[in-house]
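There are 2 protein chains.
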Amino acid sequence: MITENQIQQLIQDNKNHWIKDYKAIVELPSVSSQPVHKPDIEKTARLAATFIEKIGGTSKIFTTKGNPVVWGRIENNPLSPTICIYNHLDVQPAEKGQNGWNRDPFVFTQEDNKFYARGTTDDKGPAMTALWAAQIAKKLQIQTNIEFIWELEEEIGSPNFQEALDQIKPLTKANSIIVSDTVWLTPEQPAMTISMRGLIAFEITVTTGGKDLHSGLCGGAARNPIMELAGIIEHCVDPVTGSIKIKDLDQTYNAPSKELLDEFEKSGFSIAYFKEAHKIQKLRFDNVRDITAAIWAKPTFEVHGIVGGYTGPGNKTVIPNTATAKVSMRLVPGQDPTKAFELAKKHILNYCSDAVIEMDHGILKPFKATTNTIENEKIKQAIDFGFGKKPVFAAEGGSIGAIVPMSETLEVPVYFMGLSLPEDSYHGPNESFQWRQIEGGIKSYVKYFELISK
Amino acid sequence: MITENQIQQLIQDNKNHWIKDYKAIVELPSVSSQPVHKPDIEKTARLAATFIEKIGGTSKIFTTKGNPVVWGRIENNPLSPTICIYNHLDVQPAEKGQNGWNRDPFVFTQEDNKFYARGTTDDKGPAMTALWAAQIAKKLQIQTNIEFIWELEEEIGSPNFQEALDQIKPLTKANSIIVSDTVWLTPEQPAMTISMRGLIAFEITVTTGGKDLHSGLCGGAARNPIMELAGIIEHCVDPVTGSIKIKDLDQTYNAPSKELLDEFEKSGFSIAYFKEAHKIQKLRFDNVRDITAAIWAKPTFEVHGIVGGYTGPGNKTVIPNTATAKVSMRLVPGQDPTKAFELAKKHILNYCSDAVIEMDHGILKPFKATTNTIENEKIKQAIDFGFGKKPVFAAEGGSIGAIVPMSETLEVPVYFMGLSLPEDSYHGPNESFQWRQIEGGIKSYVKYFELISK
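Protein sequence lines correspond, in order, to chains A and B. In terms of the working numbering, the first sequence opens at residue 474 and continues consecutively. In terms of the working numbering, the second sequence opens at residue 474 and continues consecutively.
Don't take each hint at face value.
One copy or any two copies: either way a pair holds, since identical chains are not told apart in the list.
Stated by the list, open to error - In silico SDA-like pairs for lysine to any residue, Cα to Cα no more than 25 Å straight-line:
hint, residue 1, residue 2
1, 819, 708
2, 748, 826
3, 611, 551
4, 851, 616
5, 752, 797
6, 611, 810
7, 684, 576
8, 755, 678
9, 611, 726
10, 755, 713
11, 818, 761
12, 748, 548
13, 819, 675
14, 533, 649
Calculated directly from the structure, the hints in this document are not laboratory data.
Input sequences plus hints: build the corresponding full structure.
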């Protein structure tokens with residue numbers, strides 16, 4: 474049986490050069506939503522592949538008509554089972570001085586035991602953690618084989634992931650997948666994900682004329698596209714409660730059961746920590762049941778961006794001719810994304826027949842994990858070993874596009890071992906990752922590899 | 474009695490050098506909303522003053538803590554009445570290649586008998602027309618005295634006009650004011666304005682948190698400022714019909730009477746020409762009564778610009794922390810702008826107590842002209858002389874900030890003699906003015922000076 478000290482010693486031996494590798498990969502601005510960063514995506518894939526080779530694995534970069542996917546394998550014993558760990562190496566957009574970033578998002582900095590930069594926690598840090606655990610497992614001659622799938626399109630909804638997966642399928646020997654891109658409940662409470670919401674994203678544009686109009690000469694009789702867009706939003710969702718008003722959408726899923734909400738209530742979810750971590754002053758609800766139901770077990774209709782008309786200094790009393798909103802809907806297990814989009818589209822056009830609705834994101838299906846297997850128990854044991862506390866089951870409100878394709882194409886179970894903390898600013902400014910999560914994560918992985926190998 | 478031929482001859486004699494002066498003043502980019510153009514504002518004032526001196530008048534430039542106001546007087550007979558003509562010499566912003574401008578907005582060009590550039594019609598062209606008419610009146614020894622008030626802050630709501638007006642008051646001998654900054658109904662139908670709408674403008678900002686949030690982690694429980702702003706808009710106005718929903722606002726004015734709407738219907742307003750002139754495909758209403766009521770005799774709630782969240786390419790599934798809308802309300806005679814603003818504010822805060830509402834424009838009071846005086850009849854006669862067609866009474870949906878202060882401070886009646894056509898693109902791209910409007914305008918003014926002098 475591997476001891477914590479053995480692992481600790483190897484972590485100490487490697488820490489310095491690991492952090493150099495971590496810095497190198499984090500400083501590549503692999504922003505998948507911005508075509509200008511395509512070269513950085515390619516560089517990231519190549520650098521990641523060398524990391525796998527460096528610790529004695531084999532790697533392959535699968536190209537697609539979008540971004541590549543890196544696959545790698547560390548074979549410790551051909552007769553032993555194989556764990557495949559999924560992470561993504563693309564990141565959300567970020568710019569210094571914008572949206573709360575007071576650092577350069579692509580300069581890796583360390584303060585005490587915390588690392589700052591875009592991608593430190595979502596999801597390059599967790600990817601490196603699993604890689605370093607594999608290095609230690611190899612050194613300690615743990616017999617489990619370890620594979621990696623590192624995607625570079627997660628943040629844009631994995632539109633070409635299936636294409637790479639079809640190439641990986643003949644090569645992989647994975648018996649199960651571990652996805653490492655989820656978040657704990659609090660810094661003291663690890664979580665294991667039991668479900669993820671799906672996602673559809675689209676743009677709504679209302680165009681009412683050929684040019685800006687004088688609001689004195691035409692105002693009152695001329696249509697106003699910003700106001701009609703506001704009307705569409707209010708027609709689809711109650712802006713205050715978030716309750717969705719799209720006709721028949723409530724027929725497409727089951728409201729969370731009393732039993733599920735009981736579980737959520739007992740999960741250790743802390744309203745105070747949740748608000749502090751996300752810098753939220755006021756939530757829509759004030760009790761754990763309503764909040765967790767809203768973020769984990771109910772669909773959403775969310776507007777991410779809106780623009781129209783004059784937005785410079787002062788005012789300009791024109792009636793603009795067009796306005797656009799970027800929208801998404803999170804979907805819960807049971808909901809069919811295509812059906813949900815059709816209902817939304819119909820509902821919007823029913824209000825404003827001139828609206829143009831364009832899907833601009835891959836469809837992500839919602840996912841429900843199996844929770845009663847022996848592997849679940851072993852993951853719990855491993856996390857307890859790494860962090861001194863067993864994880865609780867919790868749902869995840871986000872979406873990872875690769876999960877359903879992996880589960881369906883590779884026909885293996887998908888488990889979760891998230892390492893990020895809510896305060897790490899997933900998708901937010903001044904993103905960070907803490908050394909204690911890396912260290913505990915390495916220990917958990919090594920222990921899990923050992924538990925599986927028996 | 475002056476004949477049309479006498480005037481025509483003098484127009485022909487002067488046309489060439491007049492157009493040079495017109496070009497010179499139009500090519501000064503006197504954009505009052507952009508501080509960078511302050512020197513152009515000053516140059517415009519000085520050039521305009523020389524124009525008055527050149528035809529034998531005296532001029533004075535009154536400074537304010539904002540832009541100056543040019544005042545001038547041509548004294549033809551100290552015992553005769555004085556007409557004071559108001560125009561403004563500042564213009565709306567314009568940039569080549571933007572918002573439909575396919576010309577350089579500050580290069581004066583002539584095509585056939587049409588002049589193009591920002592300010593040709595709003596309002597430098599009409600100002601020059603009145604000036605040239607005064608030159609002819611002097612030459613023909615018409616006994617009426619003529620004054621000019623040329624403002625340089627009209628396009629930003631005349632915030633410092635009162636300061637200049639208080640300096641003009643002891644000097645002016647005006648018995649009435651003519652405002653020349655309004656628009657005909659069609660190229661064949663001159664109009665005399667009987668009322669103008671007032672204006673209040675403000676910004677509404679909703680801020681819900683300290684930073685962008687991950688819509689998967691927080692979506693459902695976290696407030697969405699864009700959606701709440703959309704809710705505020707929908708709470709204030711029906712986005713489709715434009716009908717205002719602000720509580721008690723309907724108590725602050727009288728709905729247009731059947732008699733007034735009858736008059737509007739007979740005014741010669743053409744839906745087809747209105748749509749063509751403003752490049753509007755579809756209006757909120759399809760009949761003259763509803764359309765003219767909406768643009769002339771009812772208040773509006775209009776959103777001019779909105780911005781919030783991610784507006785770059787693709788999508789970014791964040792919940793932003795703030796969103797802002799630029800709004801104005803046009804007000805009809807009888808409405809008190811301060812009261813209307815208070816009602817709007819209360820109504821908005823009632824929906825969203827976190828909304829921040831900031832007035833960002835001078836208050837413009839609505840105005841109702843007197844229509845049953847002898848001067849009205851003489852203006853009608855003069856326009857018939859100049860254009861061969863009597864004007865109809867029509868309301869104006871826009872706002873001219875100087876009108877109520879002039880009427881109240883100088884205690885004289887205000888009349889209107891507009892010369893612009895809807896197709897001339899007031900505030901829009903490729904602004905223009907036609908020679909036929911200048912020529913007819915000169916004839917009308919000269920005739921009016923003669924009619925008044927008797």
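Against the structure, the hints:
Taking identical chains as interchangeable, the C-alpha atoms of residue 819 and residue 708 lie at most 25 Å apart whether they share a chain (12 Å) or sit on different chains (23 Å). With identical chains, the CA atoms of residue 748 and residue 826 are at most 25 Å apart between copies only, with a shortest distance of 20 Å across copies and 40 Å within one. Within a single copy, residue 611 and residue 551 get their C-alpha atoms as close as 13 Å, which meets the 25 Å cut-off; across copies the closest is 108 Å, which misses it. In this assembly of identical chains, residue 851 and residue 616 lie within 25 Å of each other by CA distance solely inside one copy; the values are 16 Å within and 105 Å between copies.
Proximity of residue 752 to residue 797 under the C-alpha cut-off of 25 Å is restricted to the inter-copy arrangement: shortest distance 20 Å between copies versus 28 Å within a copy. Taking the shortest Cα distances, residue 611 and residue 810 never come within 25 Å of each other, neither inside one copy (42 Å) nor across copies (77 Å). Taking identical chains as interchangeable, the C-alpha atoms of residue 684 and residue 576 lie at most 25 Å apart only when they sit on different chains, with a minimum of 14 Å there against 40 Å within one chain. For a Cα distance limit of 25 Å, the shortest separation of residue 755 from residue 678 across copies, 16 Å, qualifies, whereas the shortest one inside one copy, 30 Å, does not.
Taking the closest pair of Cα atoms, residue 611 and residue 726 never come within 25 Å of each other, the shortest separation being 45 Å inside a single copy and 82 Å across copies. Taking the shortest Cα distances, residue 755 and residue 713 sit within 25 Å of each other inside one copy (12 Å), while across copies they are farther apart (32 Å). Taking CA atoms no more than 25 Å apart as the test, residue 818 paired with residue 761 passes in neither setting, with 32 Å inside one copy and 34 Å between copies. For the homomeric pair residue 748 and residue 548, neither the shortest alpha-carbon distance inside one copy (44 Å) nor that between copies (73 Å) is at most 25 Å.
Proximity of residue 819 and residue 675 under a CA criterion of 25 Å is satisfied intra-copy only: 14 Å inside one chain copy versus 34 Å between copies. Taking the shortest alpha-carbon separations for residue 533 and residue 649, only the intra-copy value of 20 Å comes in at or below 25 Å, while the best inter-copy value is 87 Å.
In summary, the numbered hints that this structure violates are 6, 9, 11, 12.
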